[in-house]
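Asks: Residue strings, one per chain:
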Amino acid sequence: MSLFWIVIRQLAEIEAMAMSKKVITREEWEKKLNDVKIRKEDMNKLVMNFLVTEGYVDAAEKFRMESGTEPDIDLATITDRMAVKKAVQCGNVEDAIEKVNDLNPEILDTNPQLFFHLQQQRLIELIRNGKVEEALEFAQEELAPRGEENQSFLEELERTVALLAFEDVSNCPVGDLLDISQRLKTASEVNAAILTSQSHEKDPKLPSLLKMLLWAQNQLDEKAAYPRINDLATATLEDPAI
Amino acid sequence: MPTTTASAAGTTVGNNILLRLTSGERDVKLKALRELKNQIIGNRTKKLSFLKLGAVPAVAGILSDAVSAVDVADDDENDRIVKDIIVQSAAVLGSFACGFEAGVRAVLDAGAFPNLSRLLSYTDENFKIGDFGDILIQRGCLVEEMLLHKSYMEVVDAGARSLKMIYQSKMAPKYDFLQEENMEFLLSLLNNESENVSGLGASIISHSCKTSLEQKLLFDAGVLKRLTSLLGGSLIQRDASLESIATIFKNNPEVVSKFVGPDTGRTLSCIIDLVKDRFARTRLLASLCLIVIRNASACYLQDVGIKTKLINNLLELLDDPGQVGDEASFAFSSLIAEKEDMQKLAFEVNGIDKLYNHLQKGSLHPRRFEGILLALADMCSKLECCRSRCLSLQVLNLVVDALAHDSSDVRSAACMCLRSVSRSIKNLSAGSFMNETIVIPLVRLLDDTSTAVQKVMGQTISNSFDWPRSVVFGWEAKCILASGCNLRGSSMPISVAALGAISNIVVDFTTRRSTFIRLGGVKLLVQLLKSMDSTIRLNALWALRNLIFLAEDKCKEEIFMELTASLLASLICDPEPSVQEQALALVRNLVDGRINSVEYIFAEDGIILDAVGRQLRIASKAEIEIQGMYVLSNVATGKESHKEAVMDQLLLHAENKAQSCIIKFLQSNDSRLRTAAVWAVLNLTCSSSPGASGRLVELRDAGIVSHVKNMVNDPCLDVKLRVRTALGQFTSFDDSLILCIFSPAASNNKASTSCLQFLTVRAVGELSHVVDPSSKQAADSL
Numbered sequence: 000m001s002l003f004w005i006v007i008r009q010l011a012e013i014e015a016m017a018m019s020k021k022v023i024t025r026e027e028w029e030k031k032l033n034d035v036k037i038r039k040e041d042m043n044k045l046v047m048n049f050l051v052t053e054g055y056v057d058a059a060e061k062f063r064m065e066s067g068t069e070p071d072i073d074l075a076t077i078t079d080r081m082a083v084k085k086a087v088q089c090g091n092v093e094d095a096i097e098k099v100n101d102l103n104p105e106i107l108d109t110n111p112q113l114f115f116h117l118q119q120q121r122l123i124e125l126i127r128n129g130k131v132e133e134a135l136e137f138a139q140e141e142l143a144p145r146g147e148e149n150q151s152f153l154e155e156l157e158r159t160v161a162l163l164a165f166e167d168v169s170n171c172p173v174g175d176l177l178d179i180s181q182r183l184k185t186a187s188e189v190n191a192a193i194l195t196s197q198s199h200e201k202d203p204k205l206p207s208l209l210k211m212l213l214w215a216q217n218q219l220d221e222k223a224a225y226p227r228i229n230d231l232a233t234a235t236l237e238d239p240a241i
Numbered sequence: 000m001p002t003t004t005a006s007a008a009g010t011t012v013g014n015n016i017l018l019r020l021t022s023g024e025r026d027v028k029l030k031a032l033r034e035l036k037n038q039i040i041g042n043r044t045k046k047l048s049f050l051k052l053g054a055v056p057a058v059a060g061i062l063s064d065a066v067s068a069v070d071v072a073d074d075d076e077n078d079r080i081v082k083d084i085i086v087q088s089a090a091v092l093g094s095f096a097c098g099f100e101a102g103v104r105a106v107l108d109a110g111a112f113p114n115l116s117r118l119l120s121y122t123d124e125n126f127k128i129g130d131f132g133d134i135l136i137q138r139g140c141l142v143e144e145m146l147l148h149k150s151y152m153e154v155v156d157a158g159a160r161s162l163k164m165i166y167q168s169k170m171a172p173k174y175d176f177l178q179e180e181n182m183e184f185l186l187s188l189l190n191n192e193s194e195n196v197s198g199l200g201a202s203i204i205s206h207s208c209k210t211s212l213e214q215k216l217l218f219d220a221g222v223l224k225r226l227t228s229l230l231g232g233s234l235i236q237r238d239a240s241l242e243s244i245a246t247i248f249k250n251n252p253e254v255v256s257k258f259v260g261p262d263t264g265r266t267l268s269c270i271i272d273l274v275k276d277r278f279a280r281t282r283l284l285a286s287l288c289l290i291v292i293r294n295a296s297a298c299y300l301q302d303v304g305i306k307t308k309l310i311n312n313l314l315e316l317l318d319d320p321g322q323v324g325d326e327a328s329f330a331f332s333s334l335i336a337e338k339e340d341m342q343k344l345a346f347e348v349n350g351i352d353k354l355y356n357h358l359q360k361g362s363l364h365p366r367r368f369e370g371i372l373l374a375l376a377d378m379c380s381k382l383e384c385c386r387s388r389c390l391s392l393q394v395l396n397l398v399v400d401a402l403a404h405d406s407s408d409v410r411s412a413a414c415m416c417l418r419s420v421s422r423s424i425k426n427l428s429a430g431s432f433m434n435e436t437i438v439i440p441l442v443r444l445l446d447d448t449s450t451a452v453q454k455v456m457g458q459t460i461s462n463s464f465d466w467p468r469s470v471v472f473g474w475e476a477k478c479i480l481a482s483g484c485n486l487r488g489s490s491m492p493i494s495v496a497a498l499g500a501i502s503n504i505v506v507d508f509t510t511r512r513s514t515f516i517r518l519g520g521v522k523l524l525v526q527l528l529k530s531m532d533s534t535i536r537l538n539a540l541w542a543l544r545n546l547i548f549l550a551e552d553k554c555k556e557e558i559f560m561e562l563t564a565s566l567l568a569s570l571i572c573d574p575e576p577s578v579q580e581q582a583l584a585l586v587r588n589l590v591d592g593r594i595n596s597v598e599y600i601f602a603e604d605g606i607i608l609d610a611v612g613r614q615l616r617i618a619s620k621a622e623i624e625i626q627g628m629y630v631l632s633n634v635a636t637g638k639e640s641h642k643e644a645v646m647d648q649l650l651l652h653a654e655n656k657a658q659s660c661i662i663k664f665l666q667s668n669d670s671r672l673r674t675a676a677v678w679a680v681l682n683l684t685c686s687s688s689p690g691a692s693g694r695l696v697e698l699r700d701a702g703i704v705s706h707v708k709n710m711v712n713d714p715c716l717d718v719k720l721r722v723r724t725a726l727g728q729f730t731s732f733d734d735s736l737i738l739c740i741f742s743p744a745a746s747n748n749k750a751s752t753s754c755l756q757f758l759t760v761r762a763v764g765e766l767s768h769v770v771d772p773s774s775k776q777a778a779d780s781l
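These protein sequence lines map, in sequence, to chains C and U.
Read left to right, the first sequence gives residues 0 to 241 (numbering that gives the first Met the number 0).
Read left to right, the second sequence gives residues 0 to 781 (numbering that gives the first Met the number 0).
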């Protein structure tokens with residue numbers, strides 16, 4: 000090897016040291032990963048938690064039988080909760096409200112924001128179905144008093160009633176209220192409230208674990224080069240770029 | 000108008016539902032109940048309109064019928080419908096009682112409470128739910144039986160939920176823990192597997208446990224153990240348990256000390272962990288629990304880490320948009336109120352800035368607004384650094400806006416905040432609070448008729464010895480001026496409250512007094528002196544006392560004309576000791592200064608002086624005696640005749656010369672009182688006056704001189720100094736040295752130092768009563 004190359008290599012090493020980034024090879028990394036012991040039961044619990052929270056009752060039931068993991072909630076309650084969620088998603092808000100009240104009358108009595116959003120969704124559905132008279136009456140009788148109680152409700156109400164002012168609602172500034180995403184938003188709000196009333200966390204743990212993984216990787220990026228997980232779906236380790 | 004149509008339509012629907020409630024057919028009735036439930040849940044307006052239609056007694060009647068019918072239901076089908084009717088009617092009543100005080104009253108008036116309670120005892124009499132379920136499972140029971148069990152659970156749950164709603168209101172009947180069977184029932188509720196039932200048990204404790212005896216009984220019955228185990232339960236159980244634990248501990252050091260022992264370290268650390276819980280409400284409740292423990296005695300939770308964690312947690316909870324965020328600031332206040340160390344910690348974690356950021360957001364819910372203002376008031380109550388930070392952030396602009404808020408709670412909180420911030424002597428003297436933007440809204444408050452502002456008065460009065468009062472009369476005068484002397488009629492006490500709350504905005508000793516008097520301010524205050532309410536008398540006296548402090552002769556004269564000697568004398572003998580003290584303090588300021596001021600006390604045959612002397616002989620409170628002695632001491636700076644009158648009060652009127660009150664004061668444990676007494680002796684024997692040597696003889700005969708001599712090594716430096724000066728004076732008669740304490744001409748002798756000291760101490764002593772307790776300390780040790 001010529002002297003030239005030796006000098007170059009030394010320079011590169013010095014530069015690496017100056018950046019003070021530690022390089023961890025795939026072998027080292029995998030060895031470290033293997034040292035971390037995670038119990039299978041804990042992994043199963045995470046999966047079960049996800050299925051229960053998201054309301055996949057059949058999958059949860061199957062998973063329970065196959066893995067022997069007990070859900071931390073009565074699976075029957077998931078069915079009720081999913082029925083409420085589905086009713087909102089289909090636009091049957093009144094039906095959803097009745098179901099929630101049967102499940103637990105405290106939920107809507109103690110959660111004014113959720114109650115307002117459900118009533119708002121009812122108004123949106125009336126407008127969607129072209130029932131203008133009924134929509135106006137409903138807005139006056141049911142929603143206006145809520146707006147008086149709370150400034151932010153009033154603003155939302157005004158936005159919603161604005162739908163009536165446009166000929167072509169699909170193409171107006173408040174048209175997003177008619178989107179299916181608005182229904183989904185309301186549905187997930189109800190879902191979360193029911194879960195909370197059942198002393199269950201309203202969000203599954205798995206997504207927040209993934210968020211923590213990304214955060215930790217970003218932190219680590221500043222200090223070291225290591226095999227990173229870039230594709231969360233496959234979780235393949237990618238060789239560090241040196 | 001469309002609104003009328005809409006509500007008319009609503010009424011028709013309502014009447015229709017009510018009509019169907021009375022139907023003989025159970026199915027129709029059940030359907031109507033469900034409909035009613037779905038109408039009112041979450042909807043205050045509907046609750047109110049159905050309440051007016053008389054829905055509550057109707058539903059209570061249905062529940063009552065159904066409860067009696069359930070025992071005689073002949074077949075399963077009937078049984079099921081009856082139970083459904085019970086569940087639905089209980090839910091309706093519970094919803095009426097949820098967050099709606101008029102609803103709670105209606106439910107209670109309709110006699111539904113005992114029937115709802117009967118639903119709970121289904122557990123006890125008919126089915127032991129806990130055992131029952133287990134037995135069924137063990138036997139591999141039939142599905143129908145399980146369903147039956149479930150339907151009973153539904154009944155119990157419905158009853159428990161509704162009762163829980165009622166118990167969240169102050170109107171709920173008080174639960175009597177003193178009866179043994181009630182305590183047993185409570186424990187059975189807490190032990191119940193249903194979280195609604197155990198939650199109800201906890202709600203009952205939070206609602207009804209008020210006295211320290213009840214707290215102790217609950218503790219001794221083992222309730223705390225049960226609550227502690229519920230901390231490991233569901234979210235609802237955990238929150239309910241934390242709330243009850245805080246109730247049992249609140250203001251009860253005895254119970255707390257029993258709890259905080261080596262065995263309960265785990266419970267305590269469990270609560271500490273819950274301060275970091277995922278749920279905001281749990282974090283708040285756990286913090287409240289720790290706050291009551293800490294407030295029970297400063298020796299608990301001394302760890303700075305925990306203290307800081309609590310403060311940070313509560314400040315973070317302010318971000319919660321809901322009720323938790325509203326309540327967090329109140330919890331924060333109770334954590335830091337009156338505790339300088341906590342206030343300092345809160346300051347170090349930028350508490351002022353964080354509170355200010357919330358205040359800045361605008362359009363706050365009144366409850367939240369009030370809480371944040373109170374939190375700021377507490378942070379600024381003692382520490383100058385907090386006040387300066389507030390001023391540099393210009394927090395006051397927002398606070399002043401709040402003075403005109405619609406909610407009276409917000410207005411009074413703003414008053415308190417202003418009061419705390421304006422305690423800053425530095426900024427008072429710099430005139431930082433002298434501007435129209437502050438004055439105008441304050442003036443409006445003078446006409447405030449709300450009871451909440453009256454409440455401020457109550458607080459003001461209860462704190463009156465802690466916080467600086469109206470040094471600041473100029474300010475009040477300005478307010479009166481601007482309001483065109485609008486203090487009148489029944490709103491008078493309230494106006495005084497506003498005056499009290501705002502009175503330390505400006506330090507202005509000399510000007511504006513005459514304006515105030517000219518506008519009849521003194522007349523109004525004198526009117527208040529005749530009030531039946533001792534707190535109002537106290538307040539008005541305080542104001543006058545400050546008005547008179549270091550006032551010019553003309554000003555004093557006008558005030559005295561209004562006051563009259565007889566009124567002052569009767570106030571000195573007021574049944575309320577605090578009024579007596581203020582009246583004496585007022586007289587002390589009245590006779591302070593030039594010799595003609597002293598004359599006031601001799602008006603109407605010396606009626607005031609007699610009252611002072613009498614009070615000194617019978618008073619039991621050191622504060623009264625101190626003020627009284629300073630009155631005499633000030634009078635003794637006057638002419639020969641004045642000094643002799645003081646001698647008479649001290650010696651002649653004493654039943655037994657050996658028991659002259661001054662001897663008692665010289666022997667007092669209170670160094671302030673000893674100081675005042677020695678001052679009197681000093682002024683009486685001041686050798687510049689011709690009769691001094693005669694008085695010295697009299698004092699010696701009464702044994703007073705020897706007492707003073709014995710005090711030469713008094714532990715209190717202030718007393719010691721005074722005593723040495725007095726002894727110097729005593730000997731000066733032999734040396735024929737003429738010392739004149741008050742003559743500036745005598746500035747080259749050793750008494751001049753004491754003269755200076757005298758003036759300093761007296762002036763500062765006066766000020767200390769009106770400015771700040773901390774400076775009072777400083778004055779005492781000066």
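Keep in mind that the hints are not guaranteed to be accurate.
[Said to hold, decoys possible] The list that follows gives simulated cross-link-like pairs (lysine-lysine, DSS-like), each with its CA atoms no further than 30 Å apart:
hint: 1; chain 1: C; residue 1: Lys201; chain 2: U; residue 2: Lys308
hint: 2; chain 1: C; residue 1: Lys210; chain 2: U; residue 2: Lys308
hint: 3; chain 1: C; residue 1: Lys44; chain 2: U; residue 2: Lys30
hint: 4; chain 1: U; residue 1: Lys343; chain 2: C; residue 2: Lys98
hint: 5; chain 1: U; residue 1: Lys173; chain 2: U; residue 2: Lys275
hint: 6; chain 1: U; residue 1: Lys308; chain 2: C; residue 2: Lys204
hint: 7; chain 1: C; residue 1: Lys201; chain 2: U; residue 2: Lys275
hint: 8; chain 1: C; residue 1: Lys184; chain 2: C; residue 2: Lys31
hint: 9; chain 1: C; residue 1: Lys39; chain 2: U; residue 2: Lys275
hint: 10; chain 1: C; residue 1: Lys98; chain 2: U; residue 2: Lys308
hint: 11; chain 1: U; residue 1: Lys353; chain 2: C; residue 2: Lys201
hint: 12; chain 1: C; residue 1: Lys210; chain 2: C; residue 2: Lys31
hint: 13; chain 1: C; residue 1: Lys84; chain 2: U; residue 2: Lys338
hint: 14; chain 1: C; residue 1: Lys98; chain 2: U; residue 2: Lys275
hint: 15; chain 1: U; residue 1: Lys275; chain 2: C; residue 2: Lys130
hint: 16; chain 1: C; residue 1: Lys20; chain 2: C; residue 2: Lys184
hint: 17; chain 1: C; residue 1: Lys184; chain 2: U; residue 2: Lys275
hint: 18; chain 1: U; residue 1: Lys338; chain 2: C; residue 2: Lys184
hint: 19; chain 1: C; residue 1: Lys85; chain 2: U; residue 2: Lys275
hint: 20; chain 1: U; residue 1: Lys82; chain 2: C; residue 2: Lys210
hint: 21; chain 1: C; residue 1: Lys85; chain 2: C; residue 2: Lys222
hint: 22; chain 1: C; residue 1: Lys85; chain 2: U; residue 2: Lys30
hint: 23; chain 1: U; residue 1: Lys51; chain 2: C; residue 2: Lys84
hint: 24; chain 1: C; residue 1: Lys20; chain 2: C; residue 2: Lys36
hint: 25; chain 1: U; residue 1: Lys338; chain 2: C; residue 2: Lys210
hint: 26; chain 1: U; residue 1: Lys360; chain 2: C; residue 2: Lys201
hint: 27; chain 1: C; residue 1: Lys204; chain 2: U; residue 2: Lys275
[Claimed, not checked] Covered stretches of chain C (in silico footprint by chain U; criterion: 3 or more residues with CB under 8 Å from a CB of chain U, positions within the stretch not fixed):
hint: 28; region: 105 to 116
hint: 29; region: 125 to 135
If you are wondering where the hints come from, they were derived from the structure by calculation, not from laboratory data.
Virtual Cβ for every residue (Gly too), placed ideally from N, Cα, C.
Asks: Compare the structure with each hint and give your call.
Replies: For each hint, the structure was consulted:
{"no.": "1", "hint": "Lys201(C) - Lys308(U)", "in the structure": "holds (26 Å)"}
{"no.": "2", "hint": "Lys210(C) - Lys308(U)", "in the structure": "holds (25 Å)"}
{"no.": "3", "hint": "Lys44(C) - Lys30(U)", "in the structure": "violated (42 Å)"}
{"no.": "4", "hint": "Lys343(U) - Lys98(C)", "in the structure": "violated (51 Å)"}
{"no.": "5", "hint": "Lys173(U) - Lys275(U)", "in the structure": "violated (34 Å)"}
{"no.": "6", "hint": "Lys308(U) - Lys204(C)", "in the structure": "holds (25 Å)"}
{"no.": "7", "hint": "Lys201(C) - Lys275(U)", "in the structure": "holds (17 Å)"}
{"no.": "8", "hint": "Lys184(C) - Lys31(C)", "in the structure": "violated (41 Å)"}
{"no.": "9", "hint": "Lys39(C) - Lys275(U)", "in the structure": "holds (28 Å)"}
{"no.": "10", "hint": "Lys98(C) - Lys308(U)", "in the structure": "violated (41 Å)"}
{"no.": "11", "hint": "Lys353(U) - Lys201(C)", "in the structure": "holds (29 Å)"}
{"no.": "12", "hint": "Lys210(C) - Lys31(C)", "in the structure": "holds (21 Å)"}
{"no.": "13", "hint": "Lys84(C) - Lys338(U)", "in the structure": "violated (50 Å)"}
{"no.": "14", "hint": "Lys98(C) - Lys275(U)", "in the structure": "violated (34 Å)"}
{"no.": "15", "hint": "Lys275(U) - Lys130(C)", "in the structure": "violated (49 Å)"}
{"no.": "16", "hint": "Lys20(C) - Lys184(C)", "in the structure": "violated (44 Å)"}
{"no.": "17", "hint": "Lys184(C) - Lys275(U)", "in the structure": "holds (28 Å)"}
{"no.": "18", "hint": "Lys338(U) - Lys184(C)", "in the structure": "violated (46 Å)"}
{"no.": "19", "hint": "Lys85(C) - Lys275(U)", "in the structure": "violated (34 Å)"}
{"no.": "20", "hint": "Lys82(U) - Lys210(C)", "in the structure": "violated (48 Å)"}
{"no.": "21", "hint": "Lys85(C) - Lys222(C)", "in the structure": "violated (47 Å)"}
{"no.": "22", "hint": "Lys85(C) - Lys30(U)", "in the structure": "holds (24 Å)"}
{"no.": "23", "hint": "Lys51(U) - Lys84(C)", "in the structure": "violated (34 Å)"}
{"no.": "24", "hint": "Lys20(C) - Lys36(C)", "in the structure": "holds (27 Å)"}
{"no.": "25", "hint": "Lys338(U) - Lys210(C)", "in the structure": "violated (41 Å)"}
{"no.": "26", "hint": "Lys360(U) - Lys201(C)", "in the structure": "holds (28 Å)"}
{"no.": "27", "hint": "Lys204(C) - Lys275(U)", "in the structure": "holds (17 Å)"}
{"no.": "28", "hint": "105 to 116", "in the structure": "holds (count 8)"}
{"no.": "29", "hint": "125 to 135", "in the structure": "violated (count 1)"}
Hint compliance for this structure: hints 3, 4, 5, 8, 10, 13, 14, 15, 16, 18, 19, 20, 21, 23, 25, 29 are not met, and every other hint is.
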